[in-house]
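Going down the list, the sequences are from chains A and B. Its first residue numbered 159, the first sequence is counted upward by one per residue in our numbering. Its first residue numbered 27, the second sequence is counted upward by one per residue in our numbering.
Note that these hints are calculated values from the structure, not bench results. Owing to the predicted nature of the structure, the values given are computational and were not obtained by experimental measurement. There may be inaccurate statements among the hints.
Derived CB-CB ranges, DEER-like [stated by the list, open to error]: (1) B:E121 / A:K202: 41 to 49 Å; (2) A:K165 / B:L98: 41 to 49 Å; (3) A:K165 / B:E121: 40 to 48 Å; (4) B:K89 / A:F168: 49 to 57 Å; (5) A:N160 / B:E121: 44 to 52 Å.
Glycine included, each C-beta is placed from N, C-alpha and C at the ideal position.
Listed here are the chains, written in short residue letters.
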Amino acid sequence: MNDRIAKAIFKAKAERRQKLARLPFEEKIRIVVRLQRIAAAIRKDHKFRVWRLD
Amino acid sequence: MEKALRVINELKKSGLIGAYAIGGGIAATYYIEPILTYDLDIFFIPQAEGLDMLSPVYEELKKRGYSPEKELVIIEGIPVQFIPVYNVLVREAVETAKESTYQRVKTRIVRPEYLLAIALQTNRSKDRERAIQLLSQAKLDSKLLAGVLKEHGLGARYRKLKA
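Just chain A, with the same shape it has in the complex (with noise of 0.2 Å):
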């Protein structure tokens, strides 16, 4: 049972990734800097930089 559930939830992450590698390019860079932003309000330093887009 928990066995069927996990091959569930990870074939569901598999296809999300999938989901997401299909992205046109220009909106996984969008991504990609709102992933620097949770980042760096974790991280709170100043090593790396969020970048500014366009």
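Once you've looked at the hints, dock chain B against the given chain A.
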């Protein structure tokens, strides 16, 4: 990133760098899910051989108001790392890069088969992780990949990764 790419294309047009291609995390992001990365890695073929192939590039960028910060140059808000091709595999990766566009600006991106090979060659833990992502998410040309791995002696690492 559009403006940064325009500046890089101008460096190419003015002959300060030869062919170039986006590599690293941003190139991987072109083929797989978006990943957290902070630098725009630009692999390029230098126009002159020598110990300091970056100086002419940095000097020109300084003139344009973009100053180097350690190993990076911030161009229009994007930290760019210029990396002269450092071995045969990376040179080949640049020479065979895929033509693409970002917001109508032409650019070139290292093909996924070469990104995978470079990751196997570099072989840090984050490179192996990236190689696994490329294997599971990118559309790879298996014939091209097999040839690149064989040519550069990376077959054993590839088989270990897949095991």
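To see whether the hints hold, each was checked on the structure:
At about 42 Å, the CB distance of E121 of chain B to K202 of chain A agrees with the hint of 41 to 49 Å. Look at K165 of chain A against L98 of chain B: about 43 Å separates their beta carbons, and that is inside 41 to 49 Å. At about 43 Å, the CB distance of K165 of chain A to E121 of chain B agrees with the hint of 40 to 48 Å. Our hint of 49 to 57 Å for K89 of chain B and F168 of chain A holds, since their Cβ atoms are close to 52 Å apart.
The beta-carbon spacing between N160 of chain A and E121 of chain B, approximately 51 Å, falls within the hinted interval of 44 to 52 Å.
The structure fails none of the hints (numbered hints given earlier).
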